[in-house]
Amino acid sequence: MIDILIVEDEPIIAKDLMYTLKDLGYGITAVCRNHQEALEAVNKKKSDLIICDIHLEGDDWDGIRIAQEIRRNHDQPIVFLTALADASTIARAASVEPDAYLVKPFEERTLYAAIELAINKFSARKAPVQDAAAKSSLAETIPFIAGNFFIKDKKRLIKVSAADIYWIKADGAYSQLNTGTQQFFLSTNLGSLEEKLRGNSFVRVHRSYLVNFQHIDAIEEDVLSVGTERIPLGKIYREEFYRRLQQL
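FYI, my numbering numbers position 107 of the sequence shown as 107, with every residue one higher than the one before it.
Any given hint could turn out to be false.
Stated by the list, open to error - Once the Cα atoms are required to be at most 35 Å apart in a straight line, the calculated DSBU-like pairs of lysine-lysine come out as:
#1 K46 <-> K121
#2 K46 <-> K154
#3 K155 <-> K169
Said to hold, decoys possible - Estimated spans, in silico, between C-beta atoms of each pair:
#4 K235 <-> A87: 31 to 37 Å
#5 E221 <-> H74: 32 to 38 Å
#6 N200 <-> K121: 39 to 45 Å
#7 R72 <-> L248: 28 to 34 Å
Just so you know, these hints were derived from the structure itself, not from any lab.
All values derive from a computational prediction rather than experimental measurement.
We treat Cβ as the ideally placed atom computed from N, Cα and C, and that holds for glycine.
Produce the complete structure using the sequences and hints provided.
What follows is the structure in C-alpha coordinates.
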(Lines of atoms letter the chains of each structure in order from A; the text may use other names.)
(Lines give C-alpha, C1' and ligand atoms only; values in the text may rest on other atoms or scores of the structure.)
Protein backbone atom coordinates (compact mmCIF):
# COMPACT_ATOMS: atom_id res chain seq x y z
CA MET A 1 0.00 0.00 0.00
CA ILE A 2 1.19 3.52 -0.81
CA ASP A 3 1.37 5.63 2.38
CA ILE A 4 0.79 9.36 1.98
CA LEU A 5 1.65 12.31 4.22
CA ILE A 6 -0.81 15.23 4.00
CA VAL A 7 0.21 18.82 4.77
CA GLU A 8 -2.98 20.90 4.79
CA ASP A 9 -4.05 23.59 7.27
CA GLU A 10 -7.78 23.67 6.43
CA PRO A 11 -9.47 20.94 8.56
CA ILE A 12 -12.39 20.33 6.18
CA ILE A 13 -10.13 19.94 3.14
CA ALA A 14 -7.67 17.79 5.09
CA LYS A 15 -10.46 15.49 6.29
CA ASP A 16 -12.01 15.21 2.83
CA LEU A 17 -8.60 14.51 1.30
CA MET A 18 -7.86 11.84 3.90
CA TYR A 19 -11.14 9.97 3.34
CA THR A 20 -10.86 10.23 -0.44
CA LEU A 21 -7.34 8.80 -0.36
CA LYS A 22 -8.50 5.92 1.83
CA ASP A 23 -11.36 5.20 -0.59
CA LEU A 24 -8.81 5.06 -3.40
CA GLY A 25 -6.82 2.45 -1.50
CA TYR A 26 -4.00 4.59 -0.14
CA GLY A 27 -2.75 4.68 3.44
CA ILE A 28 -2.28 7.85 5.50
CA THR A 29 0.98 8.39 7.39
CA ALA A 30 -0.11 11.64 9.07
CA VAL A 31 -2.12 14.81 8.54
CA CYS A 32 -0.09 17.94 9.37
CA ARG A 33 -1.21 21.56 9.72
CA ASN A 34 2.14 23.38 9.68
CA HIS A 35 5.83 23.00 8.97
CA GLN A 36 6.73 21.84 12.49
CA GLU A 37 4.27 18.94 12.32
CA ALA A 38 5.28 18.11 8.75
CA LEU A 39 9.02 17.94 9.44
CA GLU A 40 8.44 15.91 12.60
CA ALA A 41 6.21 13.46 10.71
CA VAL A 42 8.73 13.08 7.87
CA ASN A 43 11.52 12.25 10.31
CA LYS A 44 9.35 9.94 12.40
CA LYS A 45 7.95 7.66 9.69
CA LYS A 46 8.77 7.29 6.00
CA SER A 47 5.98 8.13 3.57
CA ASP A 48 5.82 7.00 -0.05
CA LEU A 49 4.44 10.36 -1.20
CA ILE A 50 3.72 13.82 0.23
CA ILE A 51 0.73 15.99 -0.68
CA CYS A 52 1.52 19.53 0.45
CA ASP A 53 -0.67 22.63 0.22
CA ILE A 54 1.38 25.59 -0.95
CA HIS A 55 -0.48 28.21 1.10
CA LEU A 56 -0.71 27.54 4.85
CA GLU A 57 -2.54 30.10 7.03
CA GLY A 58 -0.88 31.04 10.30
CA ASP A 59 2.47 29.49 9.38
CA ASP A 60 5.54 31.55 8.54
CA TRP A 61 6.57 28.74 6.17
CA ASP A 62 4.61 27.99 3.02
CA GLY A 63 4.39 24.57 1.37
CA ILE A 64 7.20 25.38 -1.04
CA ARG A 65 9.65 26.05 1.79
CA ILE A 66 8.49 22.88 3.58
CA ALA A 67 9.11 20.87 0.41
CA GLN A 68 12.56 22.43 0.02
CA GLU A 69 13.48 21.42 3.57
CA ILE A 70 12.14 17.88 3.11
CA ARG A 71 14.09 17.47 -0.12
CA ARG A 72 17.35 18.34 1.68
CA ASN A 73 17.29 15.02 3.52
CA HIS A 74 14.57 12.89 1.93
CA ASP A 75 14.09 11.93 -1.71
CA GLN A 76 10.32 11.47 -1.88
CA PRO A 77 7.68 12.27 -4.51
CA ILE A 78 5.85 15.51 -3.76
CA VAL A 79 2.48 16.71 -5.05
CA PHE A 80 1.70 20.39 -4.53
CA LEU A 81 -1.90 21.26 -3.68
CA THR A 82 -2.94 24.84 -4.33
CA ALA A 83 -5.80 27.19 -5.11
CA LEU A 84 -3.22 29.59 -6.54
CA ALA A 85 -2.32 28.65 -10.09
CA ASP A 86 -0.71 31.98 -11.05
CA ALA A 87 2.57 32.05 -12.93
CA SER A 88 4.68 33.38 -10.04
CA THR A 89 3.51 30.66 -7.64
CA ILE A 90 4.11 27.93 -10.21
CA ALA A 91 7.57 29.35 -10.95
CA ARG A 92 8.54 29.24 -7.26
CA ALA A 93 7.10 25.75 -6.88
CA ALA A 94 8.99 24.56 -9.95
CA SER A 95 12.29 25.21 -8.17
CA VAL A 96 11.50 22.26 -5.89
CA GLU A 97 10.87 20.02 -8.91
CA PRO A 98 7.58 18.56 -7.61
CA ASP A 99 6.29 15.41 -9.24
CA ALA A 100 2.76 16.78 -9.83
CA TYR A 101 0.41 19.70 -9.13
CA LEU A 102 -3.19 19.52 -7.96
CA VAL A 103 -5.39 22.62 -8.18
CA LYS A 104 -8.24 23.09 -5.68
CA PRO A 105 -11.07 22.26 -5.90
CA PHE A 106 -10.17 18.82 -7.21
CA GLU A 107 -12.14 15.73 -8.15
CA GLU A 108 -11.39 12.18 -7.07
CA ARG A 109 -10.12 11.12 -10.49
CA THR A 110 -7.92 14.21 -10.76
CA LEU A 111 -6.42 13.40 -7.36
CA TYR A 112 -5.80 9.81 -8.39
CA ALA A 113 -4.20 10.90 -11.68
CA ALA A 114 -1.88 13.35 -9.89
CA ILE A 115 -0.72 10.68 -7.44
CA GLU A 116 -0.15 8.08 -10.15
CA LEU A 117 1.74 10.62 -12.26
CA ALA A 118 3.92 11.55 -9.29
CA ILE A 119 4.71 7.95 -8.37
CA ASN A 120 5.49 6.95 -11.95
CA LYS A 121 7.65 10.03 -12.50
CA PHE A 122 9.54 9.38 -9.27
CA SER A 123 10.02 5.68 -10.07
CA ALA A 124 11.35 6.52 -13.53
CA ARG A 125 13.77 9.03 -12.03
CA LYS A 126 15.04 6.53 -9.47
CA ALA A 127 15.26 3.50 -11.77
CA PRO A 128 18.54 4.43 -13.53
CA VAL A 129 20.38 4.71 -10.20
CA GLN A 130 19.20 1.43 -8.70
CA ASP A 131 22.01 -0.81 -7.53
CA ALA A 132 23.02 -3.16 -10.37
CA ALA A 133 23.46 -6.14 -8.06
CA ALA A 134 19.97 -5.74 -6.64
CA LYS A 135 18.50 -5.55 -10.14
CA SER A 136 20.37 -8.62 -11.32
CA SER A 137 18.72 -10.70 -8.59
CA LEU A 138 15.30 -10.08 -10.10
CA ALA A 139 13.73 -12.45 -12.57
CA GLU A 140 12.96 -11.00 -15.99
CA THR A 141 10.10 -11.87 -18.31
CA ILE A 142 10.33 -12.50 -22.03
CA PRO A 143 7.29 -11.96 -24.29
CA PHE A 144 3.96 -13.50 -23.36
CA ILE A 145 3.50 -16.48 -25.72
CA ALA A 146 0.33 -18.57 -26.22
CA GLY A 147 -1.06 -17.80 -22.78
CA ASN A 148 2.23 -18.39 -20.98
CA PHE A 149 4.97 -16.29 -19.47
CA PHE A 150 8.48 -17.65 -19.81
CA ILE A 151 10.26 -16.20 -16.81
CA LYS A 152 14.03 -16.07 -16.74
CA ASP A 153 15.36 -17.13 -13.37
CA LYS A 154 19.17 -17.26 -13.29
CA LYS A 155 20.13 -19.62 -16.14
CA ARG A 156 16.75 -21.22 -16.80
CA LEU A 157 13.34 -20.29 -18.21
CA ILE A 158 10.28 -21.19 -16.18
CA LYS A 159 6.93 -21.49 -17.97
CA VAL A 160 4.09 -19.92 -16.01
CA SER A 161 0.59 -20.23 -17.44
CA ALA A 162 -1.62 -17.16 -17.09
CA ALA A 163 -4.35 -19.47 -15.81
CA ASP A 164 -2.14 -20.40 -12.85
CA ILE A 165 -1.47 -16.82 -11.77
CA TYR A 166 -3.46 -15.76 -8.69
CA TRP A 167 -2.44 -12.12 -8.55
CA ILE A 168 0.25 -9.64 -9.58
CA LYS A 169 1.28 -6.80 -7.29
CA ALA A 170 3.07 -3.59 -8.22
CA ASP A 171 6.35 -2.89 -6.48
CA GLY A 172 7.54 0.43 -7.88
CA ALA A 173 8.93 -0.21 -11.37
CA TYR A 174 8.83 -3.94 -10.67
CA SER A 175 6.09 -6.52 -10.06
CA GLN A 176 5.49 -9.48 -7.78
CA LEU A 177 3.72 -12.44 -9.42
CA ASN A 178 2.05 -15.13 -7.29
CA THR A 179 0.71 -18.54 -8.40
CA GLY A 180 -0.31 -19.77 -4.97
CA THR A 181 2.71 -22.06 -4.81
CA GLN A 182 5.38 -19.91 -6.46
CA GLN A 183 6.39 -16.28 -6.34
CA PHE A 184 8.45 -14.29 -8.84
CA PHE A 185 9.82 -10.75 -8.81
CA LEU A 186 9.82 -9.27 -12.30
CA SER A 187 11.64 -6.23 -13.67
CA THR A 188 8.43 -5.23 -15.47
CA ASN A 189 5.85 -2.75 -14.21
CA LEU A 190 2.24 -3.71 -13.55
CA GLY A 191 0.89 -1.69 -16.48
CA SER A 192 3.00 -3.67 -18.97
CA LEU A 193 1.83 -6.99 -17.53
CA GLU A 194 -1.78 -5.79 -17.61
CA GLU A 195 -1.42 -5.05 -21.33
CA LYS A 196 -0.04 -8.54 -22.01
CA LEU A 197 -2.90 -10.16 -20.08
CA ARG A 198 -5.65 -8.08 -21.68
CA GLY A 199 -8.41 -10.39 -22.92
CA ASN A 200 -7.63 -13.01 -20.28
CA SER A 201 -9.53 -13.37 -16.99
CA PHE A 202 -7.54 -10.64 -15.25
CA VAL A 203 -8.90 -7.40 -13.84
CA ARG A 204 -7.29 -4.39 -12.16
CA VAL A 205 -8.83 -4.05 -8.71
CA HIS A 206 -6.43 -1.58 -7.11
CA ARG A 207 -3.60 0.68 -8.23
CA SER A 208 -1.22 -2.00 -6.95
CA TYR A 209 -3.07 -5.22 -7.84
CA LEU A 210 -4.11 -7.23 -10.88
CA VAL A 211 -6.09 -10.39 -10.03
CA ASN A 212 -7.28 -13.49 -11.86
CA PHE A 213 -11.07 -13.91 -11.61
CA GLN A 214 -10.63 -17.69 -11.64
CA HIS A 215 -8.83 -17.63 -8.28
CA ILE A 216 -11.10 -15.25 -6.34
CA ASP A 217 -12.49 -17.20 -3.39
CA ALA A 218 -14.65 -14.54 -1.77
CA ILE A 219 -15.81 -10.97 -2.39
CA GLU A 220 -16.54 -8.49 0.37
CA GLU A 221 -17.49 -4.86 -0.14
CA ASP A 222 -13.91 -3.64 -0.50
CA VAL A 223 -11.76 -6.76 -0.07
CA LEU A 224 -11.16 -9.82 -2.24
CA SER A 225 -9.88 -13.15 -0.93
CA VAL A 226 -7.49 -14.64 -3.47
CA GLY A 227 -5.78 -17.72 -2.11
CA THR A 228 -4.22 -16.64 1.18
CA GLU A 229 -4.07 -12.97 0.14
CA ARG A 230 -6.66 -10.34 1.09
CA ILE A 231 -6.59 -7.77 -1.68
CA PRO A 232 -8.22 -4.32 -1.47
CA LEU A 233 -10.87 -3.45 -4.06
CA GLY A 234 -10.26 0.21 -4.84
CA LYS A 235 -13.26 2.49 -5.15
CA ILE A 236 -12.51 3.66 -8.69
CA TYR A 237 -12.12 0.04 -9.87
CA ARG A 238 -15.36 -1.35 -8.40
CA GLU A 239 -17.70 -0.48 -11.27
CA GLU A 240 -15.46 -2.15 -13.88
CA PHE A 241 -14.84 -5.12 -11.57
CA TYR A 242 -18.56 -5.87 -11.12
CA ARG A 243 -19.25 -5.25 -14.81
CA ARG A 244 -16.61 -7.84 -15.73
CA LEU A 245 -17.90 -10.19 -13.04
CA GLN A 246 -21.38 -10.21 -14.59
CA GLN A 247 -19.91 -11.20 -17.95
CA LEU A 248 -18.29 -14.37 -16.62
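(request) Tell me, in ascending order, the numbers of any earlier hints that this structure violates. (result) 6, 7
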